[in-house]
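A.B. asks: Sequence:
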Amino acid sequence: MFGQLAMIVSMALIASLFTALLLAPMMASKMLRIDHKIQNPIFVFFGKLLEKIEVLYGKLLQMALSNRFKVLALLVVLFVASMGIIPLVGVEYMPQQDQGMLNVEVELPSGTRFEETGRVCKEIVSKLNTELEGYVKATFASYGVGENMESLIMNPKKASNFGKIQIVLISRNLRKEAVKDIIPRLRTVVDKIPGVVVRFVTTDPIGELITGGSADFAINIYGHNLEDGVAYANNIKNALEKIENLKDVEISQKLAKPELKVNVNREKAASLGLNVSDISESVELLFSGNKTVKYRDGGDEYDIDVRLREDDRATVTDLEQVYIITPSGESVRLNNVAEIAQGVGPAKIERLDQERYIKITGQVFNTDPGTVNRAAEEIINSVPAPPGFSWEHAGSEKERKESFVLLMQAAVLGMILVYMVMASQFESLLAPFIIFFSVPFGFMGAIQMLAITGNRISVVSFLGFIILIGIVVNNGIVLISYVNTLIGRGYKTRDALITAGVNRIRPVISTTGTTILGMLPMALSRGDGSEVWIPIGLSVIGGLIVSTLMTLVLMPVLYSLMQKWLVPAELRSV
732 MFGQLAMIVS
742 MALIASLFTA
752 LLLAPMMASK
762 MLRIDHKIQN
772 PIFVFFGKLL
782 EKIEVLYGKL
792 LQMALSNRFK
802 VLALLVVLFV
812 ASMGIIPLVG
822 VEYMPQQDQG
832 MLNVEVELPS
842 GTRFEETGRV
852 CKEIVSKLNT
862 ELEGYVKATF
872 ASYGVGENME
882 SLIMNPKKAS
892 NFGKIQIVLI
902 SRNLRKEAVK
912 DIIPRLRTVV
922 DKIPGVVVRF
932 VTTDPIGELI
942 TGGSADFAIN
952 IYGHNLEDGV
962 AYANNIKNAL
972 EKIENLKDVE
982 ISQKLAKPEL
992 KVNVNREKAA
1002 SLGLNVSDIS
1012 ESVELLFSGN
1022 KTVKYRDGGD
1032 EYDIDVRLRE
1042 DDRATVTDLE
1052 QVYIITPSGE
1062 SVRLNNVAEI
1072 AQGVGPAKIE
1082 RLDQERYIKI
1092 TGQVFNTDPG
1102 TVNRAAEEII
1112 NSVPAPPGFS
1122 WEHAGSEKER
1132 KESFVLLMQA
1142 AVLGMILVYM
1152 VMASQFESLL
1162 APFIIFFSVP
1172 FGFMGAIQML
1182 AITGNRISVV
1192 SFLGFIILIG
1202 IVVNNGIVLI
1212 SYVNTLIGRG
1222 YKTRDALITA
1232 GVNRIRPVIS
1242 TTGTTILGML
1252 PMALSRGDGS
1262 EVWIPIGLSV
1272 IGGLIVSTLM
1282 TLVLMPVLYS
1292 LMQKWLVPAE
1302 LRSV
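Just so you know, we're using our numbering here: the sequence shown kicks off at 732 and counts up by one.
Please note that a few of the clues may not be correct.
Said to hold, decoys possible - Below are the DSSO-like pairs computed for lysine-lysine, each with C-alpha atoms no more than 27 Å apart in a straight line:
(1) K858 - K911
(2) K968 - K978
(3) K968 - K1090
(4) K1223 - K1295
(5) K1132 - K1090
(6) K1129 - K973
(7) K968 - K923
(8) K1129 - K1079
(9) K978 - K1090
(10) K911 - K1129
(11) K978 - K923
(12) K868 - K907
(13) K923 - K907
(14) K911 - K923
(15) K1295 - K801
(16) K1132 - K790
(17) K801 - K779
(18) K1132 - K911
(19) K923 - K973
(20) K911 - K783
Think of the hints as simulated: they come from the structure by calculation, not from any bench.
With the hints as constraints, model all of the structure from the sequences given.
C.D. replies: Rendered as structure tokens:
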């Protein structure tokens, strides 16, 4: 996704280069006319405004050059102070999209029949539809154990005490509230239903595609012993529920599925010529059935499911009375070679890299996932782990850490490449270094803009930081190039800096202004899924505003301080 964006931006810039060098001069020669009689009031207004800005900037620049060390110290203090905002902004992997989809997971006590689960699900659907009146487009519900693909997708837990409700809301443009803001209100409605655990999960297609799940918080617990793992996971779950902004904490593995356990007496079975495999196959045939038998009628073919009648397989006693055929042809009752007991077991056993694991997930509200993950680390490490068990972050937090490392490497590579291009252009190693001082201030401007607008540092906003590396240096290149040109004409350093600043403030403002205006539609978009792209626009806008101000003030001050290595002795200013 981001590779395509980078390719599009690169190709657009290459095309704009050819346009600026070839097409623009030709069109200007044919279309531009100097006509002093036409006085457009808008042009007159902006012309006078820019003239006033030039005068004010000239005075400001003279003052800054007369107090270089004070200005430099002030800017350093402002930069350090701005870094204190970073912990307040928060971090996340991807901005969560509001796709108008809300999933509600319903869990009743273990062993609840699916008819009761269905009744509760219908009650919850009715309450939610009443609370969301005017917002709901469609509602889907699935509960109990399903055999078809639709049931597997809607209710993957596949147990009689689980249900899932999916609510499709109207477009975000037509709603006053985002899905995340609606959930706390819905929680107060369903919490009144006794004996039922209800969890709310928002749908984020991009996040689910990349991380493999929709949970804001996720960890994996690794270990072989299933019972110890479930106990350890429950201890962690109980501890995590103390975190105020972490809700709907859930364990993927539970010993909650009712089952009948057949413990085979191997010695008795062997004396009759039976083994565990023979007995398990016989029990499976009698209770689950076998569809290998076919009935053909003309050109049609039908499966015949052969198994015991439901009345003959309803209780433990029924199972004990089942007869097993031995290899010698004798019939032996099952309770003569095995003990049958009721119990509970896992609905599934999950493995990752051939190792058993249990996943704990949760939803984050009213704060950023990064803050919750840091708090969770301290809590989890305080819970004693059974021998042979370990844990690690999973889902979005794991992806965020890996992606941030890769993006930092990309940012460093981008800065090196930009520096190399500027060094070859200026034939100097120091001049590009001065220009690069605008980059960290651009980053701080981006972070400040994210903080002001309530957004967080994410993979998407980080991409905006990388884009800034190539944009914020443009104004510095324009300014320093003209300063070098004036010095080459014999200007003293101070005069060259002031003249270049005043004469180049218009193109600097124009370049910055047009880029900001181009980013505004992205930053202000409010359609479905726009949350992913808004941080890019905000990062670029905030970074450009601050870096432009730094270019106009900091760069001349630094150039003046480093003139010893940049300017011939006879042209230096004090």
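A.B. asks: Hint by hint, say whether it matches the structure.
C.D. replies: Tested hints:
1. In summary, the hint linking K858 to K911 is supported, as the alpha carbons are separated by about 18 Å, within the 27 Å threshold.
2. Under the criterion of a C-alpha separation no larger than 27 Å, the hint pairing K968 with K978 is consistent with the structure, at around 11 Å.
3. With a C-alpha separation of about 11 Å, the suggested pair K968 and K1090 falls inside the 27 Å cut-off, and the hint holds.
4. For a cut-off of 27 Å, the pair hint linking K1223 to K1295 stands: about 13 Å separates their Cα positions.
5. Taking the CA atoms of K1132 and K1090, the gap is about 19 Å. The hint holds against a cut of 27 Å.
6. The suggested pairing of K1129 with K973 holds, with an alpha-carbon distance near 22 Å, which does not exceed 27 Å.
7. For the given pair, K968 sits about 22 Å from K923 by alpha-carbon distance, which is consistent with the 27 Å threshold.
8. Distance hint between K1129 and K1079 is fulfilled; the C-alpha atoms sit about 24 Å from each other, no more than 27 Å.
9. Between K978 and K1090 the CA atoms are separated by roughly 15 Å; this keeps the pair inside 27 Å, and the hint holds.
10. A C-alpha spacing of about 23 Å is found between K911 and K1129, which places the hinted pair at or below 27 Å, so the restraint holds.
11. Under the criterion of a C-alpha separation no larger than 27 Å, the hint pairing K978 with K923 is consistent with the structure, at around 17 Å.
12. The suggested pairing of K868 with K907 holds, with an alpha-carbon distance near 16 Å, which does not exceed 27 Å.
13. Between K923 and K907, the direct Cα distance comes to roughly 25 Å. Compliance with the 27 Å bound is thereby established for this hinted pair.
14. Distance check on the hinted pair: K911 and K923 sit about 20 Å apart at the alpha-carbon level, within 27 Å; holds.
15. Between K1295 and K801 the alpha-carbon distance is near 20 Å, which keeps this suggested pair within the 27 Å criterion.
16. Restraint check for K1132 and K790: the C-alpha separation of about 47 Å exceeds 27 Å, so the hint is violated.
17. Our distance criterion of 27 Å between C-alpha atoms is broken by K801 and K779, whose separation comes to about 32 Å.
18. A threshold of 27 Å between alpha carbons decides the hint, and for K1132 with K911 the separation of about 24 Å falls inside it, so the pair holds.
19. Note on K923 and K973: the hinted pairing holds, with a Cα-Cα distance of about 21 Å set against a maximum of 27 Å.
20. Only pairs whose Cα atoms come within 27 Å are accepted, and K911 paired with K783 is rejected, the gap being roughly 47 Å.
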